[in-house]
Amino acid sequence: MSFLAPLFLLGLAALAIPVLLHLTQRQRREPVRFPSLAFVRRVPFRTTERRRIRDWLLLLLRAAAIALLVAAFARPFLARAGFGAAAAGAAREVVLLLDRSASMGYGERWDRALAAARRVANGLAPEDRLTVVLFAETPQAAGPATSDAATAAAYLAAARPDGGVTRFGPALELAGDLLEQSELPRRTVVLVSDFQQAGWNAAADSRLPVGTTLEPVSVSGDDPQNLAVTGVTLQRSPDEGGRVIVTARVANLGTGAVEVRARLGTGTQTLHEVRARVAPREATAVRFPAIALPAAPAPGWVRIDGDGLGLDDERRFVLRPIPRIPVLLVEPSGASAREVVYLRRALSIGRDPLIEASVRAAPSAADLALAAVVVLNDAPFPSGEAGRRLLRFVEQGGGLLWALGPRAGAVPEAVRAALGTAARSPADRLTDRGGALGVADYSHPVFAPFQGTRGGDYSAVSVYRYRRLALADSGRVLAWTDDGGAVLGETRYGTGRAMLWGSDFGNVWNDLPLRAVFLPTIHQAVRYLAGHREPAASYEIGNALQPDELVPGADGELVLEAPDGTRILIPSGTRAPLPLLRAGFYELRSPRGEVAVPIAVNLDPAESDLRELDRDAFLAAVAAPEGVTTAGPAGVLTAAERERRQRIWWYLALAALIALVAESAFTALRPTGTSA
Amino acid sequence: MTGTRFLDPTVLARIDNLELAARTVVDGFISGLHHSPYLGVSTDFAEHRPYMPGDDIRRVDWRVFGRTDRFYVKEFEADTNANLLVALDVSRSMDYGSGALTKLDYGRILAASLLYLSRRQRDRVGLVTFDANLLDFVPPSAKHLELCLYTLDRRNAGGRGDLAGPLEKIAEITRRRSIVVLVSDLYEDPAVAFRTLARLRDRGHDVIVLQVLDPHELEFPFDGAAPFEDLETGERVPVVPAKMRDEYRALIREHCETLARGLGQRRVDYYLAQTSRPVDFALFEYLTRREWLRLVK
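Protein chains in written order, with our numbering: chain B, 1 to 676; chain D, 1001 to 1297.
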């Protein structure tokens, strides 16, 4: 219920008048003249008695009369159709959007939401029709539309909050679709939710059809308090056989500072416990002592003590050993140490993944069998069988990085044919003090880390001499010099990749090794060419799982077992993404158990923030501009309906009149009491 | 207007029926039966007679000798009659009554009855009215009944009351031993009352205390919270009678009992008269009790 003239409600302060009248009535009476108060003063004085209200019925009648009059003047109206709709005789199409996101599990929100939903179901007129839609990230109708309150109650009884993230947009769109298909004259959307701030994207254009009444029902309550582990960072190092430092981000989303006890563990074992104090509306990093990395992927977790929302009190992750990328570094004979030191040093620095570089004068078959990437650092492409082995290596998935410096020589015909790449004679830019380097595509995995404005400046690199590359159509130019010559290109051969750099890494033809971008560029290139892609340490509810990323090359059928024990069979040859819908540890394994990979799934941190959105802005965005009426805070459908819902003031005024008459009668008839 | 209007015939008739018993019981009230506390010479002049040898020359009227050059001796009457001095408290607190009579009215009738009865016994009667001060003083005399009644009639309630000061003045101005009847509501510290009344007693006066109280002062039957105003001081106090009734009753009862006990110990006669009772009944009751006390003594 709302009021058209709520300022009149200030008149409720007048309720104090009859109370004060009752309390002070005795004080306003004529004083009782008494010979001497000597003995009266000697009796202990009791003030409470003076304030005790007598004649409760009289007081209640007066207070009721005032309250009813004030309420009548405030012009109350019913926000919900209720009996008014039944009286109207017009059938309604009602869509009940029931938020079942993870945040609805906080405190008693879900109980309140169910109660509100049941009220909607019970308020249906026989000709009304109700569709219950449960939504979190995606909306889903609980069943066909029904006019039967019992059926709707059954839908609600089966509903449970899941771990999803609140998204109002899709739910409103589905409600709009359902209403547009309805032939009933009146349309209502009842939105029962905690109206979480993170659930609404103001930029989204989710509007209800014209003529729809939106009734928001908030179950958020006041001042929610929540602590959450919103993230975990794993810092691995190869020292001592592999160790990892786990740092958890603990956020205090409430309004009071909290002392937090955070525990780190793997499996069922708690390894470390750290306490920290978190200020309100802030987050702190909880750093645990280093622990040993497992030899195989193993589940780990960080937990804090439980609170109102338990789903975000634990952050799960998978600990994996540090991956290794074996690199075969081929250097030309006769190269000075000054020329090769830059690349050697760059390859020796990588720790996660660990780059293991082996320097050879020529790649042997055994070397290639162990290597993931071959780097020809200004060395000529091997000739003969060695060259063919190297091409096969690439063809079978290996990576090749060839720096075509002064000693590299020409590109052999076989290589040109296989890789579709040629290199012209060196172009000299000494006369104009070198050409600048320009990256062609920052979206390429090698250059993606440098996309930001401060991510790296390749234009500062001076290229004094280079071989202009000529790539086949299948090839891709990654970098140019400022005179338009392609200096870095990529091509695919078989399942492998090859990158050709038309200059050197020895600070002879260019000064790239002296630039800050050199080291990360080499590391990115090696990772890319090795096909290095480490699975995520954890996923969030609603993410899709790509089985191939976890079990590359597994052709047989796989089984995905959810935290609740349900199993999904992934047939051989079918590798469609699978949604992860439950928080906890999934396991992806082969039927016989040869492969078993844990998968950590957590609640989206956005769901941990329980703050409520600006309801007015939300309703305005949903309703604007074509006249969706929002009920609850304000507004109704039609003038007739509005008039019907405001009619209640007549009854209030009549009740006030009756109360006043009764008060007068009671005052006249009541005994006046003794003489004092 | 005279004070005779106070003399209710019914009251006096009732008292008359007791006259015979009272004459034998009440010391000082009934002429001829009591022993005058001041044996010897009366000051009420009756007649002159010629001097006879043996007469006390102090009784020669020298003014008559100066006019007639003969010796005449003054004759005085009723040597055995006593002085009755009624001290009536007319303070503001006496101007209270829940019934037909205020305490002051009741005290007036009571005082007039006593004066009249005494005068009928040929006692000398006098009157004092007081609040915190002496307001009227009619010295005891065989001829002062009318004056006393007149004074009683015209006297209205005064201001704040006090017992010690007026009684001390009475003690000073009443040299002849008398029967002093104090009519008051006695809102006074009992210790003060004891001290001042004992002083009167010590001077040879026979002291009788008639405490006049309204039934509401004893029962405190009020209901409903209300401010109570002190008649004498004007002070107002919020009072919840229902909550304090029992304690008030206990206090006033204790006060009266303290007075009765303390005055008895000091050989001061005490009687509590409630204005709800008829005046004649109060007199009858008092006199009956006084007779019993005399028998006990």
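Quick caveat, the hints were computed from the structure, so don't treat them as lab data.
Wrong hints could be hidden among the right ones.
[What the hints assert, rightly or not] With the C-beta cut set under 8 Å, the calculated list includes, among others, these residues of chain D facing chain B:
(1) Glu1217
(2) Glu1247
(3) Tyr1248
(4) Tyr1271
For each residue, glycine too, the CB sits at the ideal point set by N, CA and C.
Cross-check of the supplied hints:
1. Interface hint at Glu1217 of chain D: satisfied, since its Cβ lies 6 Å from the closest Cβ of chain B, which is below the 8 Å cut-off.
2. Given hint, Glu1247 of chain D at the interface with chain B, holds; its Cβ is 5 Å from that chain's nearest Cβ, closer than 8 Å.
3. The beta carbon of Tyr1248 of chain D comes within 6 Å of a beta carbon in chain B, closer than 8 Å, and the hint placing it at the interface holds.
4. With a least beta-carbon distance of about 19 Å to chain B, the hint placing Tyr1271 of chain D at the interface is violated under the 8 Å criterion.
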